[in-house]
Amino acid sequence: MATLPLLKVTNFNQSRSGRLLFKNLSFEVHPGQAIVLMGPNGSGKTTLLRCLAGIPDVFPEIIKASGLRQSYVGHLNALKSSLTVRQNLCQQTKVPPEQLTKTLEDWGLMPLQDREIRTLSAGQKRQVALTRLSLVGAKLWLVDEPITHLDAAATAHFWASLQAHLRSEGAVVLTSHTPVPLSQAKVVVLHG
Amino acid sequence: MGNLLTQMYCELKYTSQWALHVLLVFLSLMVAFGVLSSKNPALWQAFLPMLLMGLSYGMTSLSLGHLFRDDWEDGTLEWLMSEGKSLEVYGFAKILAHWMRLGIPLAIIAGVVTGFTSFPLIFGVAITTLTLIFLGAIPSALCLNTKANNSILLPLLILPFGIPMMVVSMAAATDPTVGIYSYLALQGGLFLMSAALSLIACPFALRLALR
Numbered sequence: 005m006a007t008l009p010l011l012k013v014t015n016f017n018q019s020r021s022g023r024l025l026f027k028n029l030s031f032e033v034h035p036g037q038a039i040v041l042m043g044p045n046g047s048g049k050t051t052l053l054r055c056l057a058g059i060p061d062v063f064p065e066i067i068k069a070s071g072l073r074q075s076y077v078g079h080l081n082a083l084k085s086s087l088t089v090r091q092n093l094c095q096q097t098k099v100p101p102e103q104l105t106k107t108l109e110d111w112g113l114m115p116l117q118d119r120e121i122r123t124l125s126a127g128q129k130r131q132v133a134l135t136r137l138s139l140v141g142a143k144l145w146l147v148d149e150p151i152t153h154l155d156a157a158a159t160a161h162f163w164a165s166l167q168a169h170l171r172s173e174g175a176v177v178l179t180s181h182t183p184v185p186l187s188q189a190k191v192v193v194l195h196g
Numbered sequence: 371m372g373n374l375l376t377q378m379y380c381e382l383k384y385t386s387q388w389a390l391h392v393l394l395v396f397l398s399l400m401v402a403f404g405v406l407s408s409k410n411p412a413l414w415q416a417f418l419p420m421l422l423m424g425l426s427y428g429m430t431s432l433s434l435g436h437l438f439r440d441d442w443e444d445g446t447l448e449w450l451m452s453e454g455k456s457l458e459v460y461g462f463a464k465i466l467a468h469w470m471r472l473g474i475p476l477a478i479i480a481g482v483v484t485g486f487t488s489f490p491l492i493f494g495v496a497i498t499t500l501t502l503i504f505l506g507a508i509p510s511a512l513c514l515n516t517k518a519n520n521s522i523l524l525p526l527l528i529l530p531f532g533i534p535m536m537v538v539s540m541a542a543a544t545d546p547t548v549g550i551y552s553y554l555a556l557q558g559g560l561f562l563m564s565a566a567l568s569l570i571a572c573p574f575a576l577r578l579a580l581r
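In the order they appear, the protein sequences are chains A and B.
If you number the first sequence the way the numbering used here does, the last residue is 196 and the count never jumps.
If you number the second sequence the way the numbering used here does, the last residue is 581 and the count never jumps.
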């Protein structure tokens, strides 16, 4: 029996500053599936991802499963520079401290937990933002160029946690400029 | 209600550095005026209400650029929208927290300067700053997407709306001919009008900024 999609996009059009980005775009996202949005700079990948996340409006062409929880990490990490890593994640995810500690250990971020975000490198900030994805327990992850600034170890860890998420019937829509190591990924190419 | 209190708590706990700077500028200007008019106490008495209201307006309007700017720049605003959080609650919490950091300390300083003898003046500073923050929240959100220098633009944008409030507050503190309750009613009316307008318009302005 076919599973119901978590997200369904039907004949979706979007333009920016009078320029058509994409027209009649249609695809579905099912549990366990990864959608990779690819295309040249300015082709509308981030715009599409923002639309899927409901920023700044909810579009009638984008239908989500009832009660679907999503987690979004955009270009900006949405972290407060004056707060520590732990304070940021605590405030945003409201998870128990034990769960937060375990996730930070998994990501190798325990040594950074009490450091303010302003003192971290771009790659470390990105890791903290990506940690939020696995903390909130959302079924659908929406991630904009996740591995930007990440080193090899952090990149490998991200792909591993993404695989685990997909195995647990989660789904992901991400943008990327490079091929992703996900065998089951469906690629949507935007031409701009 | 829980979301509102949580948002306000986070605001007050973690992002108050700029408010301290604004209050220090306010305090130093008050001290400077006090020193300059020390030879003429009548001058101090005559100009104090005007100085307090004028500086309160200046400090409040200059601080409005900070209201949503940090959340917009670091992506928090975008993230809140993606999480489906209410922009109405978010806007209200930001405004109240902003007032608690700035308006209440200004009113307390006004009280200290006047020796807590002029209730209409202290109340006037408190309610004028709150009204200005409610009014200023709309252009503050609308200007997020612009490259304009908001520290100059925002005070100018709210000036036409801020002047009536300042005139009423000044009159309440200095005019003995009309009963104080008439002025309080006027101040309350202006405040309620600005609060209602802001709570409706602010979420729309924030959505526009995120387009």
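Simulated from the structure, these hints should not be mistaken for lab results.
Hints should not be assumed to be uniformly reliable.
Quick list of in silico lysine-lysine cross-link-like pairs, DSS-like style, CA-CA up to 27 Å [unchecked claim]:
| hint | chain 1 | residue 1 | chain 2 | residue 2 |
| --- | --- | --- | --- | --- |
| 1 | A | LYS12 | B | LYS455 |
| 2 | A | LYS106 | A | LYS129 |
| 3 | A | LYS98 | B | LYS455 |
| 4 | A | LYS12 | A | LYS27 |
| 5 | B | LYS409 | A | LYS143 |
| 6 | A | LYS98 | A | LYS129 |
| 7 | A | LYS27 | A | LYS68 |
| 8 | A | LYS68 | A | LYS106 |
| 9 | A | LYS129 | B | LYS455 |
| 10 | A | LYS12 | A | LYS143 |
| 11 | A | LYS68 | B | LYS455 |
| 12 | A | LYS190 | A | LYS27 |
Here are the simulated distance ranges between beta carbons [stated by the list, open to error]:
| hint | chain 1 | residue 1 | chain 2 | residue 2 | range |
| --- | --- | --- | --- | --- | --- |
| 13 | A | PRO64 | B | GLU458 | 20 to 30 Å |
| 14 | B | TYR379 | A | GLN117 | 19 to 29 Å |
| 15 | A | ASP118 | B | ARG577 | 34 to 44 Å |
| 16 | B | GLY428 | A | HIS181 | 42 to 52 Å |
| 17 | B | LEU382 | A | ASP118 | 13 to 23 Å |
| 18 | A | GLN167 | B | SER398 | 52 to 62 Å |
| 19 | B | ILE533 | A | LYS27 | 44 to 54 Å |
Note that beta-carbon positions come from the ideal geometry of N, C-alpha and C, so glycine has one too.
Quick rundown of the hints versus the structure:
| no. | hint | result |
| --- | --- | --- |
| 1 | LYS12(A) - LYS455(B) | holds, 22 Å |
| 2 | LYS106(A) - LYS129(A) | holds, 18 Å |
| 3 | LYS98(A) - LYS455(B) | holds, 14 Å |
| 4 | LYS12(A) - LYS27(A) | holds, 15 Å |
| 5 | LYS409(B) - LYS143(A) | violated, 72 Å |
| 6 | LYS98(A) - LYS129(A) | holds, 19 Å |
| 7 | LYS27(A) - LYS68(A) | holds, 20 Å |
| 8 | LYS68(A) - LYS106(A) | violated, 31 Å |
| 9 | LYS129(A) - LYS455(B) | holds, 23 Å |
| 10 | LYS12(A) - LYS143(A) | holds, 15 Å |
| 11 | LYS68(A) - LYS455(B) | holds, 17 Å |
| 12 | LYS190(A) - LYS27(A) | holds, 19 Å |
| 13 | PRO64(A) - GLU458(B): 20 to 30 Å | holds, 22 Å |
| 14 | TYR379(B) - GLN117(A): 19 to 29 Å | holds, 21 Å |
| 15 | ASP118(A) - ARG577(B): 34 to 44 Å | holds, 36 Å |
| 16 | GLY428(B) - HIS181(A): 42 to 52 Å | holds, 48 Å |
| 17 | LEU382(B) - ASP118(A): 13 to 23 Å | holds, 21 Å |
| 18 | GLN167(A) - SER398(B): 52 to 62 Å | holds, 59 Å |
| 19 | ILE533(B) - LYS27(A): 44 to 54 Å | holds, 50 Å |
In this structure, the earlier hints numbered 5 and 8 are contradicted, and the remaining ones agree with it.
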